[in-house]
Every structure is written in structure tokens, then in C-alpha cells.
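Asks: The primary structure of each chain is shown beneath.
Number of protein chains: 6
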Amino acid sequence: MSDRYEKGIEVMREHLGPEADQYIESIREVAPLFAKVNVEFAFGDIYGNKSHVLDPKTQELVTLSALTVMGNALPQLKLHVACALNEGATKEEIVETITQMIAYCGFPSATNAIMEAKKVFKEKGLI
Amino acid sequence: MSDRYEKGIEVMREHLGPEADQYIESIREVAPLFAKVNVEFAFGDIYGNKSHVLDPKTQELVTLSALTVMGNALPQLKLHVACALNEGATKEEIVETITQMIAYCGFPSATNAIMEAKKVFKEKGLI
Amino acid sequence: MSDRYEKGIEVMREHLGPEADQYIESIREVAPLFAKVNVEFAFGDIYGNKSHVLDPKTQELVTLSALTVMGNALPQLKLHVACALNEGATKEEIVETITQMIAYCGFPSATNAIMEAKKVFKEKGLI
Amino acid sequence: MSDRYEKGIEVMREHLGPEADQYIESIREVAPLFAKVNVEFAFGDIYGNKSHVLDPKTQELVTLSALTVMGNALPQLKLHVACALNEGATKEEIVETITQMIAYCGFPSATNAIMEAKKVFKEKGLI
Amino acid sequence: MSDRYEKGIEVMREHLGPEADQYIESIREVAPLFAKVNVEFAFGDIYGNKSHVLDPKTQELVTLSALTVMGNALPQLKLHVACALNEGATKEEIVETITQMIAYCGFPSATNAIMEAKKVFKEKGLI
Amino acid sequence: MSDRYEKGIEVMREHLGPEADQYIESIREVAPLFAKVNVEFAFGDIYGNKSHVLDPKTQELVTLSALTVMGNALPQLKLHVACALNEGATKEEIVETITQMIAYCGFPSATNAIMEAKKVFKEKGLI
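Chains as they are written, first to last, in this note's numbering: chain P, 146 to 272; chain S, 146 to 272; chain X, 146 to 272; chain D, 146 to 272; chain Y, 146 to 272; chain E, 146 to 272.
In case anyone wonders, no lab produced these hints; they're calculated from the structure. Note that the structure is predicted; figures quoted are calculated from it, not measured. Any given hint might turn out to be false.
Same chains, same label: a pair holds when it works inside one copy or across any pair of copies.
Stated by the list, open to error - In silico SDA-like pairs for lysine to any residue, Cα to Cα no more than 25 Å straight-line:
1) Lys267 with Glu151
2) Lys264 with Val198
3) Lys223 with Ser147
4) Lys236 with Ile272
5) Lys152 with Glu261
6) Lys269 with Glu174
7) Lys264 with Arg173
8) Lys236 with Glu151
9) Lys223 with Asp200
10) Lys267 with Glu155
11) Lys202 with Asp166
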């Protein structure tokens, strides 16, 4: 394992919690390079860049708004709602982020996102 | 003008600066209802909701990431880069928000966004 | 409840039928502002605008084509196929609207839409 | 020229006016099959299907809402605003169709569409 | 059945295998014109065009990358992973095509695609 | 400069030609991390992965179909039409790839792509 991989998987575990390793393993079984760059690039280079000026909570909120408007990334949105909670965002901040997106992506994508977030809140006993 | 309109246009001016009125006027000339809900709903109900838990700077950063991944909203992205600066975001925070989006929308949309942000930074003498 | 809310929920019930209240309630449990603007803005201001020049059936057909090409709004498309039938559109008009969209969004999104419409037609005994 | 081509180009001229031939010619210079299916399939099979239940004006309105929410089809949207006027749609019906789309695609795509429509209305002396 | 239809369904069977007829039949039950142009246009005119310069394997690989970045076409992506294998593409070529798309559509869409491809590989005993 | 960067910029120059360095420099001026990962990840890890099973020409064709259906990446599409020619693709193969995409993204995105390709062909004296 390279240093970049070690750093990336560490950052990934901080954001996702213990599910990180299983998530990457399920990709590696079919696509080793995909799994490698998911760790090294997305979490090592991007989320873990040393000079970062955004705190982890804000990193997660800007990801949540992006996943909301994309509209076709509900599994990832669900994952990052949990990440945002892990990084200290409140339920209200997450809900407000998604609600704000109505103005940018309309109701269908925003509704699908809020319903996915609701599932996470329920699983965690927050509603 | 309704109270909702007055409140909305005030919030809009805070985020966009003096361009707000001209922006809305150019829409009203062709589509009065469109202009009305742009002010009352987007800025009155959403950005200006009284119980909001996100500060205006974070509101702008989550909008910037969303506009980046949408990929077809460059005029709005340019506007909101200026809004983000108005609300206290630094150039570095804006650049990092857009850079993070590479992981969610790939290089083409993120590149078009960073180039649009660069124009705003140049206009404001920040680079 | 404000006047705008009362008007909005009434228009919503006309389009969606009795499911309207349950739909909004499931959103309100997690996101009260979201639910409020869904009723007041989408149905009160937009579908229910007093000076409207499109009849309710045409309102639904233009929504169906939009939801078809968006490609990531199948739950909403299913809902609006029922709305379109409620407002007097025939099965043939709905099918032709979706079929025309092949030219604008290609086969994958149009196929997913036609299959979703088929489910509604079956539930209502139309095929 | 096949019968399908002749029928298609005729329907295309009805919707687009005299620009139809030049439009197709500019595609044919680089991509003959593309130009052929644009005429035969999009206009012959789809817009010109004999058993059609939607009138040409409604065909154009459902296309306009679709092009609005797609967000990356402004040249085609401009073309179809002119088509819609050719087929008897009023400026108000076109504006209302685009305005309704705010609820489905948010403000950025809807704003870009309304501004493109405004250009056509100005060119035709309608505002 | 027209000659175009016969040619189209033949090309479709070559790419999809025996599922082709059932696929089209399920569309025809609700939308006859849709089914007709799916065969005649997509497979007759496009995949089966006589002067084609791309071999069927490359036709399938360029379709797979497109379906990956679209992000809302997972049923079609699954179908075309099978098509690609039918036309001689290896598992490694399919995986590399999808992996390359990370750079163009980001991780969410590419991850959903690789997981869908994994299902096909498992069904066919390739992993 | 790291080894990964050196390898990446070399692969990038092979695909894009001498424009590669200027392209990256214009990004680095505003976003150094963005520029770095564009070279190291997109070209070093992905296009330049040592065990690659797709030849460079096929790499470019699958990118072209993806950029076509994305619909909001015309500057990148123009760049990759030139890359595809650099890697040995013919004008006819590029045109056929884009034409095939009509079936997946409809006419608007495919038309915008073919027109952008036409510009490149003209600049290079191919039509």
C-alpha cells in the first residue's frame, strides 16, 4: 500500500465510519483501479488535502447540496448524510441545505433527497 | 408590493449587491410571475427563512457546489461567486469548493466552473 | 394556515386527488419549510396562478414531458401520469407525449418513463 | 429521396418555417446519416405520425418544457419558441410553460430559457 | 412488417440476444409507435447502418461510457454490458471503460455503473 | 514535480498535443490543486494506467460519446475531437460515434456535439 492510499483510507474512515473498508472492497472485487483512485484521489487528494480551508462539516454540506441537485446519486447522498452527521452537522443544517436546493434543481430531485435523508435520520433515531 | 416581496428583494440585495434590481427587472419585462416568485420564493422563503440555521456564507458555498455539478448554469455560478465573496467567503474557500466537486461531477463541469470563477476573481482584482 | 397555503393545498388536491395530504405530511415530518413551499409555491403560486392561460390538462402534459427528459424523477412522473388522467388527458395523449420525447432525451429516459406510465395504466385498469 | 424523407421535411418546414432546409443542410455537410434521421425519424415518424392525438401547438409546448428542464439545449429552445409561435401558441402560453418549469428544474435552467424566449419575442416584435 | 423493421429486429437480436423480442413486446403493449421506432430507428438506422465504420464491439463500448455518465439509465447499462460481452468485449475492457468515466462524471455515476456491471458479470459467472 | 505528475503530463501531451501545458497552466493560476489532480489523476492514473486494455483511439472514442450525451461539455468535446484525430481516429469514426448517441441523448445534445466537431474538422482542413 502506498502512502497516498494509507492517507486516503484514513480520511475515508473518518468521514464514512467503519463502512469505508467494506465499501471499497465491494468495488475492488470488480474494478481494482477504480477502488484505488476512489481512495487515493477522492479521499487522499481532495478531502484530505493538507492545505484545506474548509472544515470537514462544510466539506460534507457542499457535497450534500451537489448530490441533491445531481438527482441520480441517492446511494451516495444517503452515505453523505451519515458522513455529515459524523462530522458534526445537525439534522436541521442537513434539512436546510437540501431545502435550499429546491431553488436550483426543482422539487423532484430535492424531494427524493429529503426522503433519503429521512431514512438516515430514522435509522439513527433522530426522528 | 407584498410584505413577502419586500423581504425577498432585501435579502436578494444583500446577497447579490446592487445588481439585484436590474436582474429581476430584466425577467419581469417578459415574465412577471417568474420575477415575482424569484424574489418571493427563492429569496424570501428560502434564503431569508427566519429560522435558518446556515449562515449566509455557508448558504452561498452549498449553492456554488450545486451550480458546479449542474454544469449548465454558468451565468448563475458567476453571480453566486460574487455573492459568496459578498458574504465573506475567501477566494481559497470558493476554489476548494469547486475543486472538491471534481469527485462528484468529473473534470468538464468542474473546469468550466473554475474558469468562470477565475473571471470574477479577475474582475475584482483578486488574482 | 395562511391563505396561500389553503389555496395551494386545494389546487394540489385537484391535481393529485386525495393522496395530496399524505404526500405533504410525509415531507413535513422531516422538513416543515420544504412542505410549506411545496404547497404554497408549486401549487399556490404556479399551478394555481389566477391569470393562467394553460388549462390544467396542458399543465400536466408539459410537466410529463419535462419529467420524462429529466430521467431521474420517476416517482414524480408516476404521480403526474395520474394527475394528467385526473385532468382529462387520455392514455393515448400521455403515451404520445412520452414517445415524442425520444427525440429530445433518447431511448433510455423515455423507456423508463413509458414503463412507469404503464404501471399507472395497469393500476387503473386502462390496459 | 425516400417517401419518409419527403414527408419528414414537409412536417419540419411546417414547424420551423423556411429555416428547416438550411438547418438540415448544415448538419448534412458533416454527418449525412445524422441529417437523414433528423428528418425521417424526428419529423417524419414522431411529429408527423399519422395517428397523432396531440395538436401541433401542444406538441410544441411539451417540447418547450422539456428543452427548458434539459438546460443544455438553448439553441433548440430558441428554435422551438419560434415553432410554437408558428403553430399558434401565444407569448403568454410560452411564458407560462417555462415559468411552470421552475418547480421541476429550479431557477437557473428556467431563467436561461426565459431569457432565450425573450430574444425571440424581441426579434418578432412581440415585446 | 416493413423491411426496416425486419432489419432492425435482426440487428437488435444480434446485440441483445433472445431478450430483444420480449423487450420490445413489453413496450408495444403500451406504446406501439415507441416500440416501432425503437427497432426501426435505433437498431435499423443507427446500429445497423450499412456504411458503418465502427465494429459492433466499439459500438457497444461507446454506448457503455455514455450510459455511465448519463447516470439515470442503469437498466439500459445492464443490458448493454451483456451486449458488449455478446459482441466480444472482455470484462477488463468494460471495467476500464467505466473506470475512465470517473474523470468525466465523477464517482457517484461511475460507482453505480460499475456495481451494475458487477451484477452482470456475476450472473454470467465471470467473477 | 512528482513522478506521477511527470508521467501524467507526458500522457496528456500525447493526447492533446502541445496545448496540454497551456491548458493546465490556465487552471493552475487560479486553482493549483485542481491543476495537479487533472494531470496526476485524469492523465496519470486513468489514461496512463499501465495495465490498460483499451488502445488510445478507443479511449478517445468512449470519451467522445460520453461528452456528447453530457451535453454541457462542449469545450472538452472540441478538445477530445482533436485528441481522437491525434490518436488515429478518422473523421467518419468520430461522426458515427456522435450520430449513434442520438439514440441515447436525443437530438439537441447530439446536434450541439456534431456542430462542435464540424468546427474542428474545418480548422484541420478535413471538410
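Asks: Give the relationship of Lys152 and Glu261 under a CA distance limit of 25 Å: within one copy only, between copies only, both, or neither.
Replies: So Lys152 and Glu261 fail the 25 Å test inside a copy (30 Å) and across (29 Å) alike.
Asks: How would you classify Lys223 and Asp200 at a CA-CA limit of 25 Å: within, between, both, or neither?
Replies: both (20 Å within a copy, 24 Å between copies)
Asks: Could you place Lys267 and Glu151 in one of the four classes (within, between, both, neither) given a Cα distance threshold of 25 Å?
Replies: Neither, since 33 Å and 30 Å both go past 25 Å.
Asks: Which holds for Lys223 with Ser147 at a C-alpha limit of 25 Å: within a copy, between copies, both or neither?
Replies: Neither way: Lys223 and Ser147 sit 29 Å apart in one copy and 34 Å across, limit 25 Å.
Asks: Under a CA distance limit of 25 Å, which applies to Lys264 and Val198: within one copy, between copies, both, or neither?
Replies: Between copies, since 21 Å is at most 25 Å while 31 Å is not.
Asks: When Cα atoms must be at most 25 Å apart, do Lys236 and Glu151 count as within-copy, between-copy, both, or neither?
Replies: neither (31 Å within a copy, 28 Å between copies)
Asks: Can you tell me if Lys202 and Asp166 fall within 25 Å by alpha carbon in one copy, between copies, both or neither?
Replies: within (21 Å within a copy, 34 Å between copies)
Asks: Using 25 Å as the alpha carbon limit, work out where Lys267 and Glu155 are close: within a copy, between copies, both or neither.
Replies: Classified as neither: same-chain Cα gap 27 Å, cross-chain 30 Å, threshold 25 Å.
Asks: Please sort Lys269 with Glu174 into within, between, both or neither, judging by C-alpha distance up to 25 Å.
Replies: between (30 Å within a copy, 15 Å between copies)
Asks: How do Lys264 and Arg173 come out at 25 Å by Cα distance, when the copy is not named: within, between, both, or neither?
Replies: So Lys264 and Arg173 pass the 25 Å test across copies only (14 Å; inside, 27 Å).
Asks: Please work out whether the CA atoms of Lys236 and Ile272 approach to 25 Å or closer within one copy, between two copies, in both situations, or in neither?
Replies: within (9 Å within a copy, 38 Å between copies)
Checked against the numbered hints above, the structure violates hints 1, 3, 5, 8 and 10; every other hint is satisfied.
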